[in-house]
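Participant: Protein sequences, first through last, are from chains A and B.
Read in our numbering, the first sequence has 4 at position 4, and its numbers run on one by one without any break.
Read in our numbering, the second sequence has 32 at position 32, and its numbers run on one by one without any break.
There could be a bad hint or two in this list.
To be verified - Calculated lysine-lysine pairs in the DSSO-like style (CA-CA distance at most 27 Å, straight line):
id, chain 1, residue 1, chain 2, residue 2
1, B, Lys34, A, Lys63
2, B, Lys20, A, Lys30
3, B, Lys27, A, Lys109
4, A, Lys65, B, Lys20
5, B, Lys34, A, Lys65
6, B, Lys34, A, Lys89
No lab work stands behind these hints, which were simulated from the structure alone.
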Amino acid sequence: MRDRYRKKEVSNPLIRCIPKDEVKNNVLQKELIGNTFFVIYKSDSRIWVISPCCPHKGADMSKGKVENETITCYMHGYVYDLNTGVPLKIPYGEAYGKWRETGNLEVYKPTIRDNQICLDLP
Amino acid sequence: MSENKRRDELEVVGVEEVRKSGLDVNKLIDKLVKATAAEFTTYYYYTILRMHLTGLEGEGLKEIAEDARLEDRLHFELMSQRVYELGGELPRDMRQVADVSACADPYLPENWKDPKTILKVLLEAEQCAIRTWNEVCEMTLGKDPRTYDLAQRILQEEIEHEAWFLELLYGRPSGHFRRSYPGEGPLSKKGSK
Ligand code: FES
Ligand SMILES: [Fe+2]
Ligand SMILES: [Fe+2]
Numbered sequence: 001m002r003d004r005y006r007k008k009e010v011s012n013p014l015i016r017c018i019p020k021d022e023v024k025n026n027v028l029q030k031e032l033i034g035n036t037f038f039v040i041y042k043s044d045s046r047i048w049v050i051s052p053c054c055p056h057k058g059a060d061m062s063k064g065k066v067e068n069e070t071i072t073c074y075m076h077g078y079v080y081d082l083n084t085g086v087p088l089k090i091p092y093g094e095a096y097g098k099w100r101e102t103g104n105l106e107v108y109k110p111t112i113r114d115n116q117i118c119l120d121l122p
Numbered sequence: 001m002s003e004n005k006r007r008d009e010l011e012v013v014g015v016e017e018v019r020k021s022g023l024d025v026n027k028l029i030d031k032l033v034k035a036t037a038a039e040f041t042t043y044y045y046y047t048i049l050r051m052h053l054t055g056l057e058g059e060g061l062k063e064i065a066e067d068a069r070l071e072d073r074l075h076f077e078l079m080s081q082r083v084y085e086l087g088g089e090l091p092r093d094m095r096q097v098a099d100v101s102a103c104a105d106p107y108l109p110e111n112w113k114d115p116k117t118i119l120k121v122l123l124e125a126e127q128c129a130i131r132t133w134n135e136v137c138e139m140t141l142g143k144d145p146r147t148y149d150l151a152q153r154i155l156q157e158e159i160e161h162e163a164w165f166l167e168l169l170y171g172r173p174s175g176h177f178r179r180s181y182p183g184e185g186p187l188s189k190k191g192s193k
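Construct the entire structure; sequences and hints are all you get.
Facilitator: Structure representation (structure tokens):
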């Protein structure tokens, strides 16, 4: 996948942006920003940027399903809050022991500048 | 080369080339360990599931469950070698194998006397395996030909396994006809083409 992100300001090389209209609506879109992949989801009014790896067992989050500001991982059906990354539903009971444990999904706060979605990379 | 060279100081061209292709080798190893662990746990749990396919109906199902079970063992063995080639390792503690597995433990269902409940557990395990190996294929395509080749062999057999269980559960034709011998692994047996 080509890196379509461009440096927004030469003086700050850590800010990478993508034109908003390159991101389709209501689709989980995987994009390379700098050297890292992110997953972007844009609805009519909101934009979320998350890690492409599920914190449970690392599945590809771009294959998940978004509903009511949550995302369901396609691998084992865990549900995460898109705003906070907190797991909301773990479909497996205590019998699955340590295997069922998960962390928070990594979420990033994008800013919109000149009709571009920008990320301030650490 | 000094014999005292530490393992992590050795030049490993087979790994370097993968890295140069742009693949994050540590991420790949992590994914392979989880996927390989899942093959081992399914092999173990399928043993129990197969034992419980009893009665008149169960007899015919045993053979198919046995093929899937033995082929999962082949998958474990096939990919274990690759993990070490890449510089990774399997968990040294057996207890961790189930904890890191890419797929949930396919436990024996409570009402196992109904073979359909066992078939549903088997089906779910195969579907998780397909998703997992498919991700490995996507990750390595055009970047790590060796891992890709091994993963796609496993994936093909997982797709067959899924089709078998779908046929048994829902009558969806799979094209299945018995393997030449139990657990043949036409693509995953070492030395198979
Ligand atoms: S890997 Fe996402 S729910 Fe398990
Ligand atoms: Fe398998
Ligand atoms: Fe399988």
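Participant: With reference to the structure, classify each hint as holding or not holding.
Facilitator: Hint by hint, here is what the structure shows:
no. : hint                  : in the structure
1   : Lys34(B) to Lys63(A)  : 19 Å, holds
2   : Lys20(B) to Lys30(A)  : 22 Å, holds
3   : Lys27(B) to Lys109(A) : 24 Å, holds
4   : Lys65(A) to Lys20(B)  : 33 Å, violated
5   : Lys34(B) to Lys65(A)  : 23 Å, holds
6   : Lys34(B) to Lys89(A)  : 22 Å, holds
In this structure, the one hint that does not hold is number 4.
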